[in-house]
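Join these two chains into a complex; the hints should help.
Line order of the protein sequences matches chains A and B.
Last residue of the first sequence: number 201 in full-length UniProt numbering, and the count goes up by one each step with no gaps.
Last residue of the second sequence: number 523 in full-length UniProt numbering, and the count goes up by one each step with no gaps.
No lab work stands behind these hints, which were simulated from the structure alone.
Bear in mind the structure is a predicted one, so any value in this text is a computation, not a measurement.
Don't take each hint at face value.
[As the list claims (entries may be wrong)] Some but not every residue of chain A turned toward chain B, in silico, with C-beta under 7 Å:
hint	residue
1	Q15
2	L17
3	M56
4	G58
5	Q153
6	L156
7	I173
8	Y184
Note that beta-carbon positions come from the ideal geometry of N, C-alpha and C, so glycine has one too.
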Amino acid sequence: MPVKEGYYTKFDVMQSLPEWDSHTREIVQQRLHGSDTYANLTIIEAEILKSLCQHMTGEERPDVIQYAVTHLDQQSAAAKGESQRKAGTPPLGKLIANGLQAFELSVRGECIVSFLELEAGKQLEIVQKIRQGHYDRHSCWLERNISPNVWFQKLLGIFTEAVYSHPVVWSEIGYAGPAYPRGYVRVGLHDIDPWEAIMDV
Amino acid sequence: MFDTRYLQEEADICIVGAGAAGGVLAKELAEAGMRVVVIEAGPFRDPQKHFASDELAMETLSWEETRIVDGGDPLRLGSNNCGKGVGGGTQHWTAVCLRFHPSDFRTYSEDGVGVDWPLAYEDLEPYYARHERELAVSGPKHFPWGAFHGPYPWPERNPLSSNAEIFQMGCQKLGIDWCVTPLVILTGPFEGRAPCTNRGFCNQGCMPNAKFSTLIVHIPKAIQAGAVVYADATVVEIEMGKDGKAKGVVFVHDGMTYRQKAKIVILSAFVVENPRLLLHSANAQFPNGLANSSGWVGKGIMVHSSDDVYAKFPEEIRFYKGSPVMASTQAFYETNPNRGFVRGYTLHAHGSRPMSMAKGIATTAGIWGRQLRELMLNYNFYGRVTVVGEVLPAPWNRVALHAEETDAHGVPKAHVTFTYGDNDKRLLEHAVKKAEEILAAAGGKPVVRTHDTAHLMGGCRMGKDPATSVVNRDCQTHDIPNLFICDASVFPTSGGGNPTHTVMAIAARTADAIKTKTVRREI
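With the rest of the complex left out, here is chain B (with noise of 0.2 Å):
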């Protein structure tokens, strides 16, 4: 049974949702002195007893339940995106630590594409700095790109796995700039946590805790400082007062229904989940969802492409070892006219385990039978580069709620949309192609290429302009004063790197905001 010193009463924040932006959330405001209740769908793991180092057993740490999927390029959704239990996504990630580039926010200004952030890099810039120092990132002394040159807090990594040292002689071939990926993966002893043992399941959630996660960091703080995590309890509407104010949540935990009342709502339940239960809550006050007088709730999903190139090496590369990502590229990320395309792309030497790799080349390669089990017998002799490229919002591409089929608790399912445009295809071919050029210089040859897609963002976008968006740069509603969302929802354009650093920035940029809009009583 969960904790319920705040069922009774009315708490000043109730987050749903404990991935990368609630785990923020929680420990910012509980350790402001604020009584915050966190509403998590999934279980509350002990690394150590419910991890293991299995790709197929640690599919559970996703979002499994069934979204319907659509569009020109429906999305594989679940273990490439979305997390389920305390720690979200931040449990099965592979804990690239990026900073987005000054570029990022201003797309439209730009570039003519997509839209301007209400924000600006220089917002972001000094929780970028405290979350590398509170989280002990480690990384290059120089980082080529962007407005962050570094040097990270913590040393790089070393010694480099083997699919990483072969990403770097590629790129040195080429004349391609490279570094030593940021991680948030420890190079050293730190809050009693040990460093990483190159046991390379990032993805399948860290047992030695050397990885940060929400789980391990920010909830323990938050419940330290008087936090209350209720776990396994899925949250299925957003009740509303008659002022026009969120009055709390209703969820269901072990069968029964329960009412969490608090002052303030943060919805910090991913891409998917949040217009779900926006668009769930409509009542006869906003007949069209919570949030929603713009009619963009749900609308400008993004993904990243994420396309993977295989080259067999005539020598062993054992591409399981060290953690996936160690080295990577962004010497493409930023425009350039005569590339045929605007923004850019990340390029990572990426490791995968067997049955990734197998799944992904049976499923998405159409290499099947006899062809499938020789290829896979020369697992050892592969080397893999992975692509994060960036795709532009578009209105076409949503989260709606589906027209007939319902999940247990009897809210509809999501219906997610999702087709490419003709910048982002034309931006994926450019990125597979260097990918395929870095292998080759180091000595092997591409010989598979796998589609996927990672990292889910926008749906509630924020924006100055209430007409064209959800909420506004501190990720407050324009509609419902104290109903917030925060997390990669919020995206108005995707960048051309990892989310995760960028997701936690704004969730402690906006545990500031809600802490000095409180005492200022203006919400």
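Isolated chain A, as found in the complex (with noise of 0.2 Å):
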């Protein structure tokens, strides 16, 4: 069953790309072309993490799919740091890795064929069964010292804070985004400027 529409079918907030500074243009339409070559990932580990971004975030469409894979490779293989990791866990790169190769061994195990060879239905049954910690204490994520649920957690953070910066969501969910420097004028409730969206009737 598809997810449902949004209420703004007709709203492209890339048409207000004019309006924005050079920077913030500069970085929202990178977005729109994303790359498909890895500096972490290997093409299967790509397309294993493709399906799980779909699961996780609900989102369909490939390439905001591909621009949040891209994404997840470009923070792990960043040296900038996390922010904050939990005691105990490893860095984002080891924990990355090391958890696609435990999930894969797990899926294996339990199905014999790979994540990526089974049907929709059957991947996000596996999903939710490392959210309800099915896995927790299956021998192949104990060895890599990995708690399935932590990387889960990691990958659907990473993957959300992509999808949601994409501008083909953006339309979609009727965000009028990016507004320097002419800002909103109308702000108040039941007020619209009218480069906003507009709910289809």
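This is the structure we're talking about:
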């Protein structure tokens, strides 16, 4: 069953692009032209992560998912730090990579085949099991010192921040987005500037 | 390359960190004729070139280096508290400018919890008032709570955002006092800066410069008065002389190590980095870390509980517009014995952009997958209230050096442990219930509660007794006369409202104390 459509099917936030400052324009435009080359991920890992992103965020558009996985790859490859990491959890790059190994081993142990070979309903069932703690005591996770739930949460957080930074998603939810230099004039209840999203009738 | 004017000589003042406190100190002391060096780990940004209207890209305004978090309620660090770069956290704050209440300074005397400050409200009152005038704080004619009832020097924001209107409606229906939030955001032209354009990106850095930050106000004035700022320069050690006084600091810039000598060293590097530096700078004379004869360096850190309540409305709210916080209540700020806890909290109408809303919901409310997407499709129909709840100090909530991991400079990473106490939890539950009631009274249906914290404080607390505190009421360490610590890390208790106004008031008062002590040759 497809996710229901939003209220603003005619709205495209990118039509306001000429009104934005050049720094913001550059940042947002780059997201529309997502790369499919990776610093850390193998092609197979990236494909698994795309499926996971779809299940975790409910997002289905390939371009948005591609951007989210590229963002995850960049985050795990960057040397800039994670702001915070829970005690006992490996650094991000190791968490992602070792977690993916443990995940695939869990799936193969239970279903014989790779996660990618499962049909979507079965994939979702596996992801739900991760969340419910089904694999918490499995040796493939324990040996790598990875908590399935910590791994899930980290992926979910990074995928979500990427998906909701994508202009296609902004348009869908009716977020009028970047607004420098013009700002917003009509800010009160029921007040809408002409460049904001209008609900479909 | 940075300005090396003072590198070969001894500066009068070396300030570590150019945030809310460091900026005020630099301006005040440079304008007093002192030779001031400010060393800041992050860059010196130009808002018009380096800020962007983008949540994800502007995460770089926060301190992104990894801290190890631990305890029953591990903290989220970075973008919701600690800044990096000239301006520090004032680059990405909501500019809520609240004074603490007189009771905040006397929690032990009044409620038998926490500890009394060695300062009273009256000690900070002139500095609060001065900053409100000098920074053009906008706020209501009448502020209903605490000791200061207005009027604020600049007119309150008008029009309010839709989310603030919702908040106002809910409060009025329930008979709860509310007011337009005092903000350091311009409501009229001031010092060459234009008023707010309602862009809504206060947390991502204000591009129009309508929102106050030390990046655009205090630091330029400090430089004008002769201060030198080393940006992208990370202090890794405080150097001590054999006389038991600080000699200066060691810092790293662009891979090279430098020394800056100074007559007075002031740490304004935040709740995590101040203890980390003091503990890491231990030597034979101070084997447990500098200024730590009490053992309280790193202990007693506090946050504000800052859970959010989202309610869905039958009509569009569009809470991405306007300053995030434009309406507030402090009706539940003071202790009421009937509530089952002591101390209190502030509630703010608090708008949000999509990324932080979705991420908060996904990672703290357990909503993911199809459910997350369907909830976010209704993004424009949500209103939100945010808690700023007092958290009491406890010695087990602390910053320590991590036993194994070090950063790129070889300094142990910070190990930050935090667990809510029972009173903190009861207070938070009460606050969340009130937030839900306000939103429901306005016609919304509370749907999601997300967990968060904000505003780190403590870790180098001020006090009269050197056996139980790190600095005195002038922010001078008890152990080392020319070493000062001045920012939110000196707070003995957290108060129940946004702390930055108090940080800046303490910084201005400390600057006055340093000027006086210097003239009297007491340092």
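Results of checking the hints against the structure:
1. Q15: violated (16 Å)
2. L17: With a closest approach of 12 Å, the A:L17 hint is violated.
3. M56: holds (5 Å)
4. G58: With a minimum Cβ separation of about 3 Å from chain B (threshold 7 Å), the hint on A:G58 holds.
5. Q153: holds (6 Å)
6. L156: Cβ of A:L156 sits 5 Å from chain B, so the hint holds.
7. I173: Given a least distance of 4 Å, the restraint on A:I173 holds.
8. Y184: Holds: closest Cβ of chain B sits about 4 Å from A:Y184, inside 7 Å.
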